[in-house]
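Engineer: Can you build the whole structure from these sequences, using the hints too?
Here the sequence shown is numbered in this note's numbering, starting from 5 and rising by one per residue.
Don't read these hints as lab results, they were simulated from the structure.
These figures come from a predicted structure and were not determined experimentally.
It is possible that some hints are incorrect.
[Unchecked claim] Cut-off 25 angstroms, straight-line C-alpha distance, at most; resulting in silico cross-link-like pairs (PhoX-like, lysine-lysine):
#, residue 1, residue 2
1, 22, 382
2, 258, 163
3, 315, 382
4, 382, 25
5, 344, 315
6, 382, 344
7, 258, 22
8, 25, 344
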Amino acid sequence: MNFDFDTPPERRDTDSQKWQKYAGRDVLPLWVADMDFRSPPALISALHARVEHGVFGYARPVKSTVDAFVDACAQHYGWAVDPAWLVWLPGLVVGLNVVTQACTATDDEVLTLAPVYPPFLTTPRNSGRVSTQVMWTLSAGHWEIDWDALERAVTPRTKIFLLCNPHNPLGRVWRREELVRLAEFCLRHNLVLCSDEIHCDLILDPALRHIPTATLSPEIATRTITLMAPSKTYNVPGLGTSLAIIPDPALRAKFVRATTGIVAEVTCLGYTACEAAYRDCEPWRQGLLATLRGNRDFLSDFVARELPGIKLEAPIEATYLAWLNVEALGLADPVAHFEKNGVGLSDGAFFGEPRGRHVRLNFGCPRATLAEALRRMKGALAALG
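Structural biologist: Next up, the structure:
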């Protein structure tokens, strides 16, 4: 079955946050993790059928919706998820905030590896907690954990370790031995392990597989909160549907208590999209992966050949996000410079590192859009003289 990943959908003058940022300007937005592809046809058809029903009251998941997600976990990861473990949420960032509220007190510390998805850094501060980061290290073209620094970072106030698996923005797939070591670290220090696995269905390297953290052992499952969603893979982030998978009843009860009165319910259209995504859209996902692999390779080749001073320091193993080192350009504000030349990128400073070192580029778009953005970036380098 063929799907159209070549025709850019018209998103200017719509409610798109991604495109509204540069309204009235000739800037291609490759910043927020929102793809410029239409969602799968089967998912769109399911939404049409739900809209035709004509009633949009408060919703709860029906058995077929739960079964679609549980079956996908079994088929893709060999993970036997008990439906009783599921807590439905209107977004993954909501889940990060709830975990912090549920598992820490004021002035407790939340540990993570940086650079990382910005809410990992801001969520603890939202609740009067302390965000502690250990920086990734680059070794022989691979991002590695500084295990000694990680041990030094733990204090008696550290309560949670936030894991991004696969990693945003590094595009890193965790190996089993690394996850086992991290699990042992969390067990030894009595930490709750919150694992953001929202990009788990976007593994680009065919030799690698996503390993849900909670599947490592019964011991680590009892202290793991896994966050998943169809939003990134099937391009439905605006429908606000995510899940927390929490095997331990006591930990799940704490989490649910923390949602009481402040977390909105998932909408009926969100449930419909979620069920269709996990039940009916695997052929589309495979087509998407082929497209993203092609875009990744095109991007990697172009950067190496045509963009002197910009480096892709490690392979992109997962996601549709490229972490580009621009430090050699010597720009105080590289994002502003590229915006001036028609490309909108994400500033590495938001991910927990000094401004001017990295930018993040979203290559989840038609090849023509990516090619034009890279052409403009080449022009931005030429403008430096």
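Engineer: Decide if the proposed pair is consistent with the structure: residue 315 and residue 382, CA atoms, cutoff 25 angstroms inclusive.
Structural biologist: holds, 13 angstroms
Engineer: Has the given pair, residue 382 with residue 344, been kept, meaning a C-alpha gap of at most 25 angstroms?
Structural biologist: Distance of about 13 angstroms is within 25 angstroms: holds.
Engineer: So if I understand the rule, the pair passes when the alpha-carbon distance is 25 angstroms or less; does residue 382 with residue 25 pass?
Structural biologist: holds, 22 angstroms
Engineer: For a C-alpha distance cap of 25 angstroms, please report whether residue 22 and residue 382 respect it.
Structural biologist: holds, 22 angstroms
Engineer: Just to be careful, I want the Cα atoms of residue 258 and residue 22 compared with a cutoff of 25 angstroms; is the pair within it?
Structural biologist: violated, 35 angstroms
Engineer: Could you grab the alpha-carbon distance between residue 344 and residue 315 and see if it respects the 25 angstroms cut-off?
Structural biologist: holds, 21 angstroms
Engineer: Holds or violated: residue 25 with residue 344, Cα cutoff 25 angstroms?
Structural biologist: At roughly 14 angstroms apart (the allowed maximum being 25 angstroms), residue 344 and residue 25 satisfy the hint.
Engineer: Starting from residue 258, check that the Cα of residue 163 is at most 25 angstroms away, please.
Structural biologist: Holds, at roughly 14 angstroms.
Hint compliance for this structure: hint 7 is the single one not met.
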